[in-house]
Amino acid sequence: MDRKIRVLVAKPGLDGHDRGAKVVASALRDAGMEVIYTGLHQTPEGIVEAAVQEDVDVVGLSVLSGAHMTLFPRIVELLREAGVEGMLIIGGGIIPADDHEFLREKGVEKVFTPGAPTSEIVDYIRSWFEKRKTV
Amino acid sequence: MDLIKRFRKGDRLALARAITLVENGMQEGRDLLDAVHPQTGKARRIGITGPPGAGKSTLVDGLIQSYRKAGQSVGVVAVDPTSPFTGGALLGDRIRMQSRWADRRVFVRSMATRGSWGGLAAAAADVIELLDAFGKDVVIAETVGVGQSEFDVVDAVHTTIVVIVPESGDSIQVMKAGLMEIADIFVVNKADREGAGDMETGLGAMLDMRDREEDWRPPVLQTVATSGEGMPTLIDALAQHREYLAKESRIEEWERKAVRARIVSLVHEELRAGFWKQGRQARLEQLVGEVLARERTPGDAAQALFSPA
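If you read the protein sequences in the order shown, they are chains X and C.
Heads up: the first sequence at position 60 corresponds to 60 in this note's numbering, and the numbers run straight through without jumps.
Counting from 1 along the second sequence, just add 1000 to a position and that's the residue number in this note's numbering.
The hints are simulated quantities; they were obtained by calculation from the structure and are not laboratory data.
Every residue, glycine too, gets a C-beta built ideally from N, C-alpha and C.
Any given hint could turn out to be false.
[Said to hold, decoys possible] For lysine-lysine, the following DSSO-like pairs were computed, each having C-alpha atoms within a straight-line distance of at most 27 angstroms:
| hint | chain 1 | residue 1 | chain 2 | residue 2 |
| --- | --- | --- | --- | --- |
| 1 | C | Lys-1247 | C | Lys-1277 |
| 2 | X | Lys-133 | X | Lys-110 |
| 3 | X | Lys-131 | X | Lys-106 |
| 4 | C | Lys-1277 | C | Lys-1176 |
| 5 | C | Lys-1042 | X | Lys-133 |
| 6 | X | Lys-4 | C | Lys-1277 |
| 7 | C | Lys-1247 | C | Lys-1042 |
| 8 | X | Lys-133 | C | Lys-1277 |
| 9 | X | Lys-133 | X | Lys-4 |
[Said to hold, decoys possible] Label pairs and their calculated CB-CB ranges:
| hint | chain 1 | residue 1 | chain 2 | residue 2 | range |
| --- | --- | --- | --- | --- | --- |
| 10 | C | Gly-1053 | X | Gly-16 | 19 to 29 angstroms |
| 11 | X | Asp-99 | C | Ile-1251 | 57 to 67 angstroms |
| 12 | X | Lys-133 | C | Asp-1002 | 19 to 29 angstroms |
| 13 | X | Lys-22 | C | Thr-1201 | 18 to 28 angstroms |
Assemble the whole structure, with the sequences as input and the hints as a guide.
In C-alpha cells, the structure reads:
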C-alpha cells in the first residue's frame, strides 16, 4: 500500500479568517495528501495534541493576526516537549519578511506569504517528504 | 521491540505510530497487532454512521463528554472518504470534537478510506483493536453511511447507531439506503427542525413491521447534538443495548460473528492483493482493448484473468 503524506492544517490564535487555510487544505488534498483540518481558534496545546494523535508528517500553521512570533515558536516548543521528532513545520499568513529568519531559527522551516501559488507549497512538502524517506 | 514496550506503557505517541503502521499495511504493524491481541476484547465498542452532515461528529463529541464524566477513557476513529480521483482526503471530523482536546484520556484519530480495492474495513477494524488493546474503556468508530464501507465496521462494534436528520426524506429512503438492517439504535438528529416527529413515527412503524430474529427492537430517539438535547436518552439506550447483549450469551455469539467476519475480511484482502500481482494488471489493459474491439465480452475477459496467460 502506498504511503500517504498526512498534513495537519491548523489555525492557532484569535483571527477569524480561514479562507487561506482552506484553500491550502484543498490544494494539498487535490495533490493526493490526507489533510486533517482543525478549524479556527486553536490553542497551541490543542494543535500539538492533534498532531500527536494523528501522527502527521507535516504541520501547516496559518496566522493572520500578527501573533506568529509567539504562537509559532510556542507550538514548535510544545511538539518537542511531547517527544515528536521528524515532523515538518511550515507557516503561512501575513508574515513580514523580516520575521522569516527568526521563525526558521525557531524551527518553522518555511514560511509562505499571501500570493504564494499553492503548487509551490505542494512541491515543497513533496520534496521534503522524498528526502526524508531516503534518510 | 521498542514500539510494543512503549505501547504497553501507555505512550500515546506509540499508539499514534502503531495506527500509522497498520494503516500503511506495514509488517511492523501486523506484528504489533499480533503482540497486543491478548489485551483486546475489553472495550465497549460503538459504531456511528449516517449520511454526511447528519451531525455524527457532534454526537460523538457528546458521547465523549458523557463517558468522560463517568470516568471512562475514550478512543475514537473517524473515517472519511478518500477522493477516488486524486487519492487525497480532507478529514474534518476533529473540528466538531474539541471539547476534550486537552484531555489525555481521549484519543481521536482521523482515517481516510484510501484504496478502491477495499481494505478500509480491515484497517478501521485494526485501529479499533489497537485502541481496545491500548486500554480505552470506550471505542467509538464513526463512518459515513452511504451503503458500503460502514457495513464492515458494523461487524467490529457491539452497538451501531444510525444517525439521520428530518430532511433525510421519508422512512422509505432510509430503508433504501440499507441502514435499517444495521441499526441497533436510530437517532433523528437536528430534531429541532420540522419533520423530526414524522420521521420518528415513520421509522418506528417500519421497525415494528419487520420480522426480526432478535428481541431487540431498535429505539428511535431524537437529539439536538449541538445543544446536547437528548444525549442522556442516547446514553441510556446504549446502556440498555449493552445489558441486552450481556444476557443469554449474546455477547459470545457477537464475538464469534465478529471474529469470523474479521478473518473472512482478511482473506478477501489477501486474495485481492495477490490477484492483481502476477502481471494481471498488464493483462487487464490488454483485455480492455480486446473488449473494445468487440473480440471479447467483459465477462469473457474476467474469466480470462483467472486462467494463466
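Comparing the hints with the structure gives:
no.: 1; hint: Lys-1247(C) with Lys-1277(C); verdict: violated, 47 angstroms
no.: 2; hint: Lys-133(X) with Lys-110(X); verdict: holds, 19 angstroms
no.: 3; hint: Lys-131(X) with Lys-106(X); verdict: holds, 21 angstroms
no.: 4; hint: Lys-1277(C) with Lys-1176(C); verdict: violated, 36 angstroms
no.: 5; hint: Lys-1042(C) with Lys-133(X); verdict: violated, 37 angstroms
no.: 6; hint: Lys-4(X) with Lys-1277(C); verdict: holds, 21 angstroms
no.: 7; hint: Lys-1247(C) with Lys-1042(C); verdict: holds, 17 angstroms
no.: 8; hint: Lys-133(X) with Lys-1277(C); verdict: holds, 25 angstroms
no.: 9; hint: Lys-133(X) with Lys-4(X); verdict: holds, 12 angstroms
no.: 10; hint: Gly-1053(C) with Gly-16(X): 19 to 29 angstroms; verdict: holds, 23 angstroms
no.: 11; hint: Asp-99(X) with Ile-1251(C): 57 to 67 angstroms; verdict: holds, 59 angstroms
no.: 12; hint: Lys-133(X) with Asp-1002(C): 19 to 29 angstroms; verdict: holds, 21 angstroms
no.: 13; hint: Lys-22(X) with Thr-1201(C): 18 to 28 angstroms; verdict: violated, 40 angstroms
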